[in-house]
Structures are given as C-alpha cells and as structure tokens.
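A.B. asks: Turn these sequences into a full structure, and let the hints guide you.
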Amino acid sequence: STGPAIKGTFNNFMSEFIGTFTLVFAVFFLVSGEGLGSLSALPVGLLVVGIGLSLGGTTGYAINPARDLGPRIFHALAPMKNKRDSNWNYSWIPVVGPIAGAVAAGLLYILVSGYLIV
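Quick note: the sequence shown uses our numbering, first residue 112, plus one each step.
Incorrect hints may have been included.
[What the hints assert, rightly or not] Taking lysine to any residue and the SDA-like style, the derived pairs with C-alpha atoms no more than 20 Å apart in a straight line are: (1) Lys118 <-> Leu166; (2) Lys118 <-> Trp203; (3) Lys194 <-> Leu180; (4) Lys118 <-> Val214; (5) Lys194 <-> Gly181; (6) Lys194 <-> Thr120; (7) Lys118 <-> Gly167.
FYI, nobody ran anything at the bench for these hints, they're computed from the structure.
C.D. replies: Right, here's the structure in full:
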C-alpha cells in the first residue's frame, strides 16, 4: 500500500486527484479518434513515470485505488510478526482521490470534446 511521506490530508488528496486526473484525461485523448494505435502505450507509460516523479514523493502516487487497497487489505489480514499498523485512517485518500480525479477528467473530456468514448 502507499503511505504519505508528507502528511497533510488536503495536499495528499489533491496529489492523488491531480495525478489520476492527468492520467485519465490524457488517456481519453490518446484513445479517441485515430489516436496512435499500438503506440499509445508509450506516452501513457511515460506519463505514469512523469506523474511518479512529480507527485509521487508526497503520497507514493496510488493513481488507482486497487494499487493501494489490495496491498493494504493483505497487510491487515496477513499473520506477520512485529507488523505495523495498516494505517486505515489514511486509506480513504488513495481510494477517493483517484476516483474523484477520474470522474472529473471524464466530465471535462466530455465537455471539451463534445462526445463520449464508447
């Protein structure tokens, strides 16, 4: 699971929101219309690296709720000696932040492009 290096609820939430918003908005434009075909994976991968380098220091950049929630649940259930807390007080940020960012990116994409991706 991810954890904040710099603790601040609002800043951590916005980091997850902005990272996911940027990723989803860019992916929508890459896959719409003609796009780049099979080369679309390259800019998406580079974008994930860029998001990690720019926003990853504060929260560990989940940018996907499954990236944080799955390991956090496993950590909570796994029988390990001297294990630390699973930090459930923070767990809502890497889940709600990316979902809110993805929804906002989708709504802005519809507003800007004028059509839905089907």
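A.B. asks: Against each hint, give a clear statement of whether it holds in the structure.
C.D. replies: Hint-by-hint comparison with the structure:
{"no.": "1", "hint": "Lys118 <-> Leu166", "in the structure": "holds (14 Å)"}
{"no.": "2", "hint": "Lys118 <-> Trp203", "in the structure": "holds (14 Å)"}
{"no.": "3", "hint": "Lys194 <-> Leu180", "in the structure": "holds (17 Å)"}
{"no.": "4", "hint": "Lys118 <-> Val214", "in the structure": "violated (25 Å)"}
{"no.": "5", "hint": "Lys194 <-> Gly181", "in the structure": "holds (17 Å)"}
{"no.": "6", "hint": "Lys194 <-> Thr120", "in the structure": "violated (24 Å)"}
{"no.": "7", "hint": "Lys118 <-> Gly167", "in the structure": "holds (13 Å)"}
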